[in-house]
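**Q** Each chain, written out:
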Amino acid sequence: MLRLAFAVLALTTLPAFADPLPQPGGDVILTVSGDIDVTNAGNTAVFDLGMLRALGVTEIVTETIWTEGEQRFEGVALVDLMARLGVEDGTLRATAINDYAVDVPVSDAVEGGPIIAYIRNGAPMSVRDKGPLWIVYPYDRSAEYRSEVIYSRSIWQLNRIAIQD
Amino acid sequence: MPATPTRAGGRRSRTALRLLVSVLAGGLGVAAVVLLTLNVVRELRLLNSASSDNVQWTLSQAEVEFLELDIYLGEALRTDRPDLQAVRREFDIFYSRISILSNASIYAPLRYVDSFDQSLRTLRAFLDATVPLIDGPDHTLRQALPMLKSQAIDLRPVVRMLSNSGLDHFARTSDERRRSVSETLIQLAIGVMLLMLMLIALAAYLAALNAQNIRRRTEVQQTSERMKIVTGTSLDAVIVSDDNGRILDFNAAAESIFGHAARDAIGQDLGAMIVPDHHRAAHTAGMERMRAHGEKRVVGKGRVKLEAKRANGQIFPVELAIQSADTENGEIFIAFLRDISHRVEAERQLVKARDRALAGEKAKTDFLATMSHEIRTPLNGLLGNLTLLQDTRLTAQQMRYIHNMNTSGRLLMSHISDVLDITKYDAGKLRLNPVDMNLSQLIQDIVDSQSGAATAQNSVITWGWTGPPAHWIRADRERIQHILINLIGNAVKFTRQGRISVTAEVLDDIGSDPQVRISVRDTGIGIDAEILPHIFDDFMTGDSSYARDVGGTGLGLGIARRFVRALGGDLSVESENGVGSVFHASFPIQPVAAPAPAAESAARGSGTAPLDVLLVEDNEINRMVAREMLAADGHRVVEAHDGREGVTRAARERFDLILMDISMPVMDGRHATRAIRSGEGASARTPIVALTANAMADEQEAFLEDGMNDILTKPLSRDALKAVLAACGAAVTASAPEAEGPKDSAAAEIDSRQIADLRETLGAEALQTLLGRFESEVDTLIGWLAHGTPPGDEIMQRAHKVAGSAATFGAAGLRGALVAVETAAKQRDEEEMAKAIARLGPIWQATRGRIG
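Those sequence lines, one after another, are chains A and B. If you're matching positions, the first sequence starts at 9 in the numbering used here and goes up one per residue. If you're matching positions, the second sequence starts at 850 in the numbering used here and goes up one per residue.
Just so you know, these hints were derived from the structure itself, not from any lab. Quantities reported herein were computed from a predicted structural model and do not represent experimental measurements. Glycine included, every Cβ here is placed at the ideal spot set by N, Cα and C. Each hint should be verified, as a subset may be incorrect.
Okay, the calculated beta carbon distance ranges per label pair [said to hold, decoys possible]:
hint : chain 1 : residue 1 : chain 2 : residue 2 : range
1    : A       : Gly-58    : B       : Ile-920   : 32 to 38 angstroms
2    : B       : Lys-998   : A       : Gly-33    : 35 to 41 angstroms
3    : B       : Ser-909   : A       : Gly-98    : 29 to 35 angstroms
4    : B       : Leu-1034  : A       : Asp-173   : 41 to 47 angstroms
5    : B       : Ser-909   : A       : Pro-28    : 41 to 47 angstroms
6    : B       : Ile-1035  : A       : Arg-101   : 40 to 46 angstroms
7    : A       : Asp-173   : B       : Lys-998   : 43 to 49 angstroms
8    : A       : Asp-173   : B       : Ala-974   : 46 to 52 angstroms
9    : A       : Ala-131   : B       : Ala-1020  : 34 to 40 angstroms
10   : B       : Ala-1020  : A       : Pro-28    : 53 to 59 angstroms
11   : A       : Arg-101   : B       : Leu-1034  : 35 to 41 angstroms
Start from the sequences and build out the full structure, keeping to the hints where you can.
**A** Structure representation (structure tokens):
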């Protein structure tokens, strides 16, 4: 319903409307900073698992080079997240718990594109198991998603994102 | 030319083969390059779509993360309130890294490396053993920190081993990959090079091929140019067409002859363009036939005359030759045409000129023939009346005048006959009329007839055979007689107190008909050497007063030579002035056996018994002359004025003889003869004798075919008429002896004129000699017949011979009796012959008394 409303708003080409984000009820697992239209904690937007789930669940079934066999990932589509935050262009600097960081262009955030996964094979991911969040591309869908660049953008143990120009 | 297509075909197939090989080689090269390229692309894709993450980084990261865990462990040991959360986080991160190395597919090959695998196992054992401590409560973890730290120190070389062995492996793999790529690239390069070489070779080959083609084309062009020049300068039209009749080439001469420009003509239908409309169907049919069956009626058959059509529709004659040739585009036809309208026109003019000349010649001949006829008819009347006048009572002076007139008239007649003969010969109408004849008899008769004249000149004339004689021959008696009379007559004329000798000799030439040479030699005045070469020319007369004395048209020798030549021989002369001349007449002869007696029947003689004669003649004078002549001999004459009247008369009355003029109004003689013969009239079987002024040999044959029995040439001479009547009378006597019965008075009849003629011609002495010979001849015959010889050829011949002699002396009765014997002998009628022989004696007794 929310997405529909957003879609309707987007269609009316009104400037991104800052529908206020709720405050997280559980542990914060993702913090988004930078050039965003919506915030709920100072200049940043913080999300617990429930809030991410509320942005819509997208599923990707694919193999990866880091796992054995077919994997079933559930998460929020990057495109849905960017839309919620009113981000249209620029670069995401995604940083892991151990401060490992990669740059992902906002243009990667398309329908059928990457998701920020929080469920792998039906279970939440622990840090020991590349959790809590992992940016997963649908590698099996296209050879373009099986390149060194895409593999490097597939960051796991993700916990924060900064939107840059 | 037929070899050309094969050669061309061979060339084509070889070229095709070379092309095929080139294409195959090129294709193989391209395929090889494509394959190699695909290899390269695959390799590149392998490089591109990295199945690996940044493995080296990940391996190093494992060591980094282990060191961080180690650092946090150390820090936790140094403080009283250690940051256990950070230790747990670093542990989890390291744990996560090792899980990836243990499980990720990209590290599967790495896990077969022993050192890596062992290191990994050691680390996993540590991690698995540590997890309960990490997940346990804080105090337990705090107590375990020193142990974990010492374990971490021990594990440091293991982690290093893990990352180093991994890096080493991936470096090796990467080397292999690079080597593989480089090998593929080298292969590709070699392939490309080979392909390039192949392409260069192909290009060189194509260049050579092209050069060859250019050379060939130049050659073909040169040949074509030459051909163009040849056909272009040809005076004959040269037209080339295909087998559908489409014009392929049309040279300059064709343009000027036909009036079509080459650019208009080429591609057009040959038939529509040059074949005249009325030959079009035949042309189309011919082309069709040729396409269907290959039948060629004109092609390759040499020059043919045809008609062709110009652009303006004019039809003109051409001479045409067509040849065919096989080319790569099928059969073509090359026609060479020559405009022969000028030649044809010239030929036409020539033919016209010739026809005109012939027509002129014919007109001249016709004119001469007509004129001679027209002159002879009145002359005939004149001479006939003179003859009649002689029989009237005359003084001696009148008799002499009449004799002179008669002589002049006959000379005139002979001149006219000469002219007519020349005309006929020159017009090619002189037909020979060969009959079985006795040459000796003829010469004898002529010599006899000339002997009087010779005697008058105090000359002696003799004749005889040199070598074996040839008495009976088949030849044109009249011509030979004419020749000999002319030659002997001349010799007599130009010889005074000399000797004329006539010799005949058979010249047997091997391989051809025998020839007879009759030489007439005299000891006369001779001929001037100057005149000698011209002696046979027309109108040639000697220039001496002597020659003028004897007179003549100057045509005599010309005609004689024409006649000898007509007989197939020639006439020649040798002469010496003042010594004499000799003429040789040589001509081929055809010796024959003894002939039928009838052949010699036309001897002179007088009529026998009085006959009933129908005279059919339109010319009043001629009719009167004939009538008087017949009446004088005691015949009964019935006259008819034209053919129709003659037919009517003949149908009503039975005559012994019909004399039939040929050209008459209402119905001519030939029609009348046919009418009489075809009818059932009283005189249907009566002998009919034609009276004609200018009968030629072919006409005479036609008369005989019409049913006539004999021909009398006008002017009618009493002698000729009598001969016919005698023959006829003999037949009458023979056929109806019982009815008529022997008439002694008539039988013993003698024509005293005949004797007088002979006496006049020969002289009394010679006549007496001849009469003596004649009397003994008859006596001998009658004596021989008395022996009762059976009828047969011998009697027939001997009776015939004596009958001829009897006729000569005008002993008509005797002759009639002898002819009766001859006829009976011929018919083998013994009884009749006996009767005829019985009659001979009394008649001969009566006759002998009167001729003496």
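**Q** Does each hint fit the structure? Answer for all of them.
**A** Going down the list of hints, with the structure as the test:
1. A:Gly-58 - B:Ile-920: 32 to 38 angstroms: Hint holds: Cβ distance 35 angstroms, inside 32 to 38 angstroms.
2. B:Lys-998 - A:Gly-33: 35 to 41 angstroms: holds (39 angstroms)
3. B:Ser-909 - A:Gly-98: 29 to 35 angstroms: holds (30 angstroms)
4. B:Leu-1034 - A:Asp-173: 41 to 47 angstroms: holds (42 angstroms)
5. B:Ser-909 - A:Pro-28: 41 to 47 angstroms: Because 44 angstroms falls inside the window, the suggested range holds.
6. B:Ile-1035 - A:Arg-101: 40 to 46 angstroms: With Cβ atoms ~44 angstroms apart, the hint holds.
7. A:Asp-173 - B:Lys-998: 43 to 49 angstroms: holds (45 angstroms)
8. A:Asp-173 - B:Ala-974: 46 to 52 angstroms: holds (48 angstroms)
9. A:Ala-131 - B:Ala-1020: 34 to 40 angstroms: holds (37 angstroms)
10. B:Ala-1020 - A:Pro-28: 53 to 59 angstroms: holds (54 angstroms)
11. A:Arg-101 - B:Leu-1034: 35 to 41 angstroms: holds (39 angstroms)
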